[in-house]
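Number of protein chains: 2
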Amino acid sequence: MHKSREGWHWTPGSGLQAGIPSIAVIEPSQMIRNTNDMFDVIVIGAGYTGLTAARDTSTTGLKTLLLEGRDRIGGRTWSSEIDGYPYEMGGTWVHWFQPHVYRELSRYGMKDHLVHSTDYTKKHNFFTLRTSTGARNMSHEEEDELFARAVKKFVNVDGVFGKSVMPFPFSAYSNEEVYKYANLSVADRIAQISHDLSSDERHAVEAFVLLCSGGTTENSAFLDFLRWWAAANYDYKTLLDTIIVFKLKCGQSSFAKRFFEEAQASGNLSYSFSTPVVHIDSSKGLVQMRTKDGQYFSAKKVICTAPLNVLEEIEFNPPLDCAKREAASLKHVNQCVKVHAEIRDPEMRSWSGVTYPDNKLVIGVADGTTPAGKTHCVFFGCDVNHMHADEDIDQTLRAIKEFGPMEIDRLVFHNWSKDEFAKGAWVWYRPGMEVQYLEALRKRQGPILFANSDWAAGGWRSFIDGAIQSGTEAALIVCQELMPISRTSRL
Amino acid sequence: MHKSREGWHWTPGSGLQAGIPSIAVIEPSQMIRNTNDMFDVIVIGAGYTGLTAARDTSTTGLKTLLLEGRDRIGGRTWSSEIDGYPYEMGGTWVHWFQPHVYRELSRYGMKDHLVHSTDYTKKHNFFTLRTSTGARNMSHEEEDELFARAVKKFVNVDGVFGKSVMPFPFSAYSNEEVYKYANLSVADRIAQISHDLSSDERHAVEAFVLLCSGGTTENSAFLDFLRWWAAANYDYKTLLDTIIVFKLKCGQSSFAKRFFEEAQASGNLSYSFSTPVVHIDSSKGLVQMRTKDGQYFSAKKVICTAPLNVLEEIEFNPPLDCAKREAASLKHVNQCVKVHAEIRDPEMRSWSGVTYPDNKLVIGVADGTTPAGKTHCVFFGCDVNHMHADEDIDQTLRAIKEFGPMEIDRLVFHNWSKDEFAKGAWVWYRPGMEVQYLEALRKRQGPILFANSDWAAGGWRSFIDGAIQSGTEAALIVCQELMPISRTSRL
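Chains as they are written, first to last, in full-length UniProt numbering: chain Z, 1 to 491; chain F, 1 to 491.
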């Protein structure tokens with residue numbers, strides 16, 4: 001297994017080290033099949049969007065070049081196997097209610113690779129709640145009741161828990177009533193229901209929504225949460241099941257690799273890693289791009305999968321339209337902090353906890369048992385009390401120990417806020433931003449298509465599902481435009 | 001629009017007529033691109049399984065021949081547009097929790113084409129229950145409570161409504177406990193809980209399960225129902241939502257046609273309709289097949305999508321393995337009767353009803369409003385009191401009128417029991433059959449792959465979703481085996 005220059009690893013013995021091993025690192029890092037020819041399509045970015053797009057175009061017979069700034073595939077989703085255990089640095093959980101990702105898991109014969117993150121059979125089988133009013137432990141049943149009660153109040157804008165406002169999660173605007181909530185922030189919505197929230201409920205719903213948004217209550221849109229809720233069938237347990245319960249036994253990178261290998265097997269894929277694109281010129285019909293290291297590549301079409309928060313890093317000629325530039329400059333709010341810890345006590349396997357609002361991490365959950373028999377816990381923070389986990393390891397360790405006494409034998413994490421190719425985690429819009437910019441972000445500019453989970457059209461925008469959906473759609477358009485006979489009607 | 005020789009249409013004025021119009025009928029009916037060459041792959045059957053497989057192989061560059069006995073695409077799913085209204089002759093409803101079909105709907109830009117079958121805003125907003133003890137009307141809320149209560153008792157084999165017995169709907173045997181129910185019939189399960197069922201509840205659960213199975217309580221396996229229930233998140237309303245609520249505005253055939261047209265656009269598709277295959281010889285390495293009209297075709301690989309109940313109509317050399325032949329000879333039990341009626345009264349749009357066990361139709365639901373402003377209702381029968389709707393129209397009209405007084409201006413239906421290429425509707429196994437034969441049915445024989453929703457590996461076996469899943473998987477295998485460079489690893 002090769003080592004990525006990304007990610008951080010800390011143990012008491014070795015201290016903090018940059019770079020962690022991953023099967024997502026591709027060697028050799030460049031493989032160009034036809035240097036002199038023009039490519040049919042260049043896909044920028046090898047996250048799930050780009051991997052899906054490049055797979056679909058290459059297997060359909062199009063000469064495809066995949067350019068990626070990182071040394072690995074997966075974008076905001078990748079796993080590092082350390083001492084025989086896969087740590088998920090970003091995107092982790094999937095579910096069969098997420099159609100695009102599940103279709104791919106099933107197609108690659110991986111549907112039986114799902115394992116449960118939760119295991120309530122061990123001794124420390126409880127939930128810790130530490131708020132400004134003190135700390136206490138409760139059963140997971142009480143935890144679920146508290147969070148379900150609070151979240152249901154939060155989404156209940158219409159007396160039927162959002163179901164009338166957003167009856168089709170995959171067509172969020174099918175009922176125009178939903179526009180009434182376009183400018184609502186999470187804080188605004190909390191204010192509307194604060195008279196009906198106990199102190200526990202308020203802490204619970206804020207912590208939970210911030211786990212989802214990675215922002216602050218003020219800068220996080222209510223509408224994103226309503227869509228997640230609708231996509232999860234308007235039910236708290238189903239929401240948990242879809243966002244934080246089922247993960248891949250072998251790690252996400254074992255899944256991402258299938259896309260890449262299928263594309264390779266087509267014989268039509270060229271690729272180059274560690275090759276950021278800095279300039280895209282489509283002013284002369286075909287598209288020419290320049291990479292940071294001075295290479296030039298040309299193609300008939302381009303699928304650009306750069307996420308919202310780094311879209312302005314690429315120079316376009318002609319320039320991006322005004323709405324895209326505005327959105328890219330505003331940026332989305334998700335500055336999620338995700339830190340894995342290997343905890344000595346195996347009985348912690350059944351634990352979870354929230355410390356909010358005074359800690360630098362908000363939620364912790366036991367997520368597995370390592371080969372050493374210790375407990376793997378994962379902790380999440382957001383832009384409230386944001387920290388850079390790599391800058392001060394003692395602070396990071398203290399933030400974990402705020403959840404309760406623990407002996408920490410290892411930390412593994414990726415600092416997404418400092419990541420030059422993401423500048424944040426999964427998308428979460430500012431109030432008003434979705435309605436104002438979503439359509440614009442999806443719009444192509446001539447031969448350049450823009451595909452990313454950040455503006456995917458489905459219910460699972462911001463998820464791996466949305467990435468695959470977006471890549472699938474972009475590839476279909478490119479194939480239809482470039483394949484010799486194209487008679488697919490749009491009824 | 002061309003007229004299929006399939007389906008029946010009756011009006012008081014014209015009487016019963018065979019054949020109805022459908023965009024699923026393909027003209028010209030044959031288009032062979034390379035008569036002298038051997039094909040890479042022959043796909044037998046142009047239902048969703050075959051359409052998906054042929055699309056995926058042809059767009060991946062394989063010379064593909066699609067052979068279909070009918071004059072149309074879609075198999076057990078097709079729609080007929082009559083006076084501007086699409087009647088679904090077979091498979092109808094889809095949902096975003098069905099990953100394979102939803103991925104395709106989304107990919108073809110059709111996710112906003114979903115409409116609600118139910119509309120509770122009209123005057124006759126009630127549910128009619130007619131059992132052996134009499135008839136009465138109740139509200140739809142009471143209907144849902146009655147059916148949810150009864151169905152929950154039916155599935156509650158483990159105290160948690162089946163969730164511990166079948167925790168992963170897409171891997172039905174992940175908990176071996178499930179094998180305890182392998183031989184249980186619906187009647188057996190009803191007997192286990194009969195002490196706890198009111199007369200209404202018993203009629204409700206039997207009618208509901210028979211709507212799902214199309215068989216009798218004695219010959220229908222309990223396990224199939226448990227899987228549907230698990231796939232629908234162990235919830236009655238979600239089960240309704242996934243099986244009988246969301247349909248395509250323009251009819252299923254408008255969706256099926258996208259697959260066919262994408263395959264055509266690849267330039268690699270040959271096809272021949274009204275061309276049943278009668279003999280498949282794979283004894284000499286490549287596969288040669290003979291059609292009923294005496295044509296011969298050869299290919300390196302074959303994807304046979306003939307459903308279980310007609311699998312024995314094709315002669316194989318070497319013969320099918322013993323388990324396949326046994327299953328094909330036993331057959332599954334679904335003899336669903338589905339009859340569409342155009343009802344004069346527009347206020348019936350909010351009605352539904354059950355007449356069981358004495359009527360020849362069991363369930364009726366309002367499903368739309370026709371351009372003439374009348375109500376479209378759809379009625380279902382099963383193998384209990386089975387009838388052939390085309391053989392005695394007066395009997396069919398009487399069976400509908402058993403639900404209540406109605407003026408019937410039109411009937412449209414397809415007799416699936418007499419259908420030579422299906423001999424029944426969607427799959428529903430006999431007790432014990434699934435565990436005994438499912439794996440065997442999925443097994444390839446040399447260059448011949450067997451793909452069908454009848455033995456799809458997912459949670460939505462017997463649905464359109466399972467068909468697409470099965471076709472997707474078969475195509476991937478064929479592509480990997482036939483494409484020049486094939487390095488896709490299986491981790």
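FYI, nobody ran anything at the bench for these hints, they're computed from the structure.
One or more of the hints may lead you astray.
If several chains are the same, the list does not tell them apart, and a pair holds so long as it fits within one copy or across any two.
[As the list claims (entries may be wrong)] Each computed BS3-like pair below joins lysine-lysine, with the alpha-carbon atoms no more than 30 Å apart:
1. K443 x K249
2. K122 x K163
3. K249 x K180
4. K163 x K237
5. K123 x K163
6. K249 x K163
7. K423 x K292
8. K152 x K163
9. K122 x K249
A quick look at each hint next to the structure:
Taking the shortest alpha-carbon separations for K443 and K249, only the inter-copy value of 26 Å comes in at or below 30 Å, while the best intra-copy value is 37 Å. In the homo-oligomer, the alpha carbons of K122 and K163 lie at most 30 Å apart only across protomers (21 Å), although the nearest pairing inside one protomer, at 37 Å, exceeds that limit. In this assembly of identical chains, K249 and K180 lie within 30 Å of each other by CA distance solely across copies; the values are 28 Å between and 42 Å within a copy. Both within a single protomer and between protomers do K163 and K237 lie at most 30 Å apart by alpha-carbon distance, with minima of 16 Å and 13 Å respectively.
In the homo-oligomer, the alpha carbons of K123 and K163 lie at most 30 Å apart only across protomers (24 Å), although the nearest pairing inside one protomer, at 39 Å, exceeds that limit. Taking CA atoms no more than 30 Å apart as the test, K249 paired with K163 passes between copies only; the shortest distance there is 21 Å, against 34 Å inside one copy. Only within a single protomer do K423 and K292 lie at most 30 Å apart by alpha-carbon distance; the minimum there is 18 Å, versus 63 Å between protomers. For the homomeric pair K152 and K163, the shortest alpha-carbon distances inside one copy (12 Å) and between copies (23 Å) are both at most 30 Å.
Taking identical chains as interchangeable, the C-alpha atoms of K122 and K249 lie at most 30 Å apart only when both belong to the same chain, with a minimum of 20 Å there against 51 Å between chains.
The structure is consistent with each of the numbered hints, conforming to all of them.
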